[in-house]
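A.B. asks: Sequence:
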Amino acid sequence: MEFLTLMIWGVEDGVPFIPEPAQPEPELVIADEETEPATPEIGEEEIKEGKEEQKPPTPAFGVPVEVKIKEEKEEEDIDEAMLDMSDKFLRITIDEPLDWTVENPFREPTPPPPPESVPLIEYLCNLKNCSLKELHVLFHNLEERREIINHLRRNVELRTCHLKPCCKNFIVRCNDLTVRSASVVHAMGGYLSITVRGYYYIKHKVKLEHPYLPCIIEFGGGRHRSYYPLEVLSVTENKMKKCH
1 MEFLTLMIWG VEDGVPFIPE PAQPEPELVI ADEETEPATP EIGEEEIKEG
51 KEEQKPPTPA FGVPVEVKIK EEKEEEDIDE AMLDMSDKFL RITIDEPLDW
101 TVENPFREPT PPPPPESVPL IEYLCNLKNC SLKELHVLFH NLEERREIIN
151 HLRRNVELRT CHLKPCCKNF IVRCNDLTVR SASVVHAMGG YLSITVRGYY
201 YIKHKVKLEH PYLPCIIEFG GGRHRSYYPL EVLSVTENKM KKCH
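Its first residue numbered 1, the sequence shown is counted upward by one per residue in the UniProt record's numbering.
Among these hints, one or two may not hold up.
Claimed, not checked - In silico PhoX-like pairs for lysine-lysine, Cα to Cα no more than 20 Å straight-line: (1) Lys205 <-> Lys168; (2) Lys164 <-> Lys207; (3) Lys164 <-> Lys205.
To be verified - What follows is a list of derived Cβ distance ranges for each label pair: (4) Lys133 <-> Gly221: 36 to 46 Å; (5) Gly220 <-> Asn155: 15 to 25 Å; (6) Arg223 <-> Ile194: 16 to 26 Å; (7) Cys166 <-> Asp77: 55 to 65 Å; (8) Asn129 <-> Arg223: 36 to 46 Å; (9) Glu116 <-> Glu75: 53 to 63 Å; (10) Asp77 <-> Glu116: 52 to 62 Å; (11) Ile202 <-> Asn129: 33 to 43 Å; (12) Ile194 <-> Gly220: 13 to 23 Å; (13) Cys125 <-> Lys207: 15 to 25 Å; (14) Glu143 <-> Asn175: 11 to 21 Å; (15) Cys161 <-> Ile202: 13 to 23 Å.
Derived by calculation from the structure, the hints in this document are not laboratory data.
As the structure is a computational prediction, the values presented were derived from the model and not from experiment.
Cβ atoms here follow ideal geometry from the backbone N, Cα and C, with glycine treated the same way.
Work out the full structure: start from the sequences and follow the hints.
C.D. replies: Here it is, written out as C-alpha cells:
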C-alpha cells in the first residue's frame, strides 16, 4: 500500500517553532593571575595619609590607650618614689649605727618572760633578815606573827609550787597561821586523823623538810579550812613588797 503524504513527520501545520535559548558559555578564569590595584593619584594619597594620622589608635583588649599611658606614668612615679625611699633607708643605715637592743617594729613584740617565784620560807627570811631558826622563833611572837600575816595578805601573791605539771598550781590566800606545826595539825578537819605532814606525803608524795614550821590557813565556805605548809608555797616576784 502506498502512502501519498507530502507532510513532514511529527510537525503539524499551524504550530509555530520556538527555538531553545542558547546557554552562555562559562568564562575561563586564571587563578594565578591577580588583578593589579588601581594606583591612586598623588592628591588622593595625601588625603588618605592625613586621615590615617588623625584616626585615634584602636584600644588593645578593651583598654583605652590613654588610660594605659596614664597607668604607665603612675607606675614610673611610684618606682621613682620607692627609689627615693630606698636611698633614704640606705643613708640612715649607713649614717646611724645599728642598735640591737631596739625592738623590731615590723615584728610582734615578744611577750614578757613569766615572773620568777621565790620560795616562801626564803622570802620571809630575807624580809626579816634572819635565819631559818630565828624565823621559827619569830612565829611565836604575837606582834611579829601579826605583821607577817598582814604582809602576806596585802602585799604579796602566794601560789602553790608542789603540783606537777606547773599549770595545776593555784593561788592561795593567807587568812591566818596555825599555832602548831605541820607535823601536829590535823588535815581535813581531823576527819581522817591524819596530820598535814602525813597528808602531803600520802597524797602528793612530798616529804616536808621543815615540818616544825606552822601552816598557812585559807578559810573556805562555812567552817572549812585548808592548810598549806610554808615550803609548798612560793611568792611571785612582781608581787613582792617590803614590809614597813
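A.B. asks: Is the distance from the Cβ of Ile202 to the Cβ of Asn129 consistent with 33 to 43 Å?
C.D. replies: This hint holds: roughly 36 Å between Cβ atoms.
A.B. asks: Can the suggested window of 15 to 25 Å be confirmed for the beta-carbon pair Gly220 and Asn155?
C.D. replies: Since Gly220 and Asn155 have Cβ atoms about 23 Å apart, the given range 15 to 25 Å holds.
A.B. asks: Falls inside 13 to 23 Å, the C-beta gap from Ile194 to Gly220?
C.D. replies: 19 Å, holds
A.B. asks: Looking only at beta-carbon atoms, does the pair Asn129, Arg223 fall within the given range of 36 to 46 Å?
C.D. replies: 37 Å, holds
A.B. asks: Taking 53 to 63 Å as the stated bounds, is the beta-carbon spacing between Glu116 and Glu75 within them?
C.D. replies: 55 Å, holds
A.B. asks: Within a Cα-Cα threshold of 20 Å, do Lys164 and Lys207 meet the stated pairing?
C.D. replies: Roughly 15 Å separates the two Cα atoms, so the pair holds.
A.B. asks: Between the alpha carbons of Lys205 and Lys168, is the straight-line distance 20 Å or under?
C.D. replies: This hinted pair holds, its Cα atoms lying about 16 Å apart.
A.B. asks: Starting from the range 11 to 21 Å, see whether the pair Glu143 and Asn175 falls in it by beta-carbon distance.
C.D. replies: 19 Å, holds
A.B. asks: Are the Cα positions of Lys164 and Lys205 separated by 20 Å at most?
C.D. replies: Holds - the C-alpha atoms of Lys205 and Lys164 are around 11 Å apart, at most 20 Å.
A.B. asks: Determine whether the Cβ-Cβ distance between Cys125 and Lys207 falls within the hinted range of 15 to 25 Å.
C.D. replies: 21 Å, holds
A.B. asks: Is 13 to 23 Å right for how far apart the beta carbons of Cys161 and Ile202 are?
C.D. replies: 19 Å, holds
A.B. asks: If you check the beta carbons of Arg223 and Ile194, does the distance land in 16 to 26 Å?
C.D. replies: Once the Cβ atoms are compared, 18 Å apart, the range 16 to 26 Å for Ile194 and Arg223 holds.
Hint compliance for this structure: no hint is broken.
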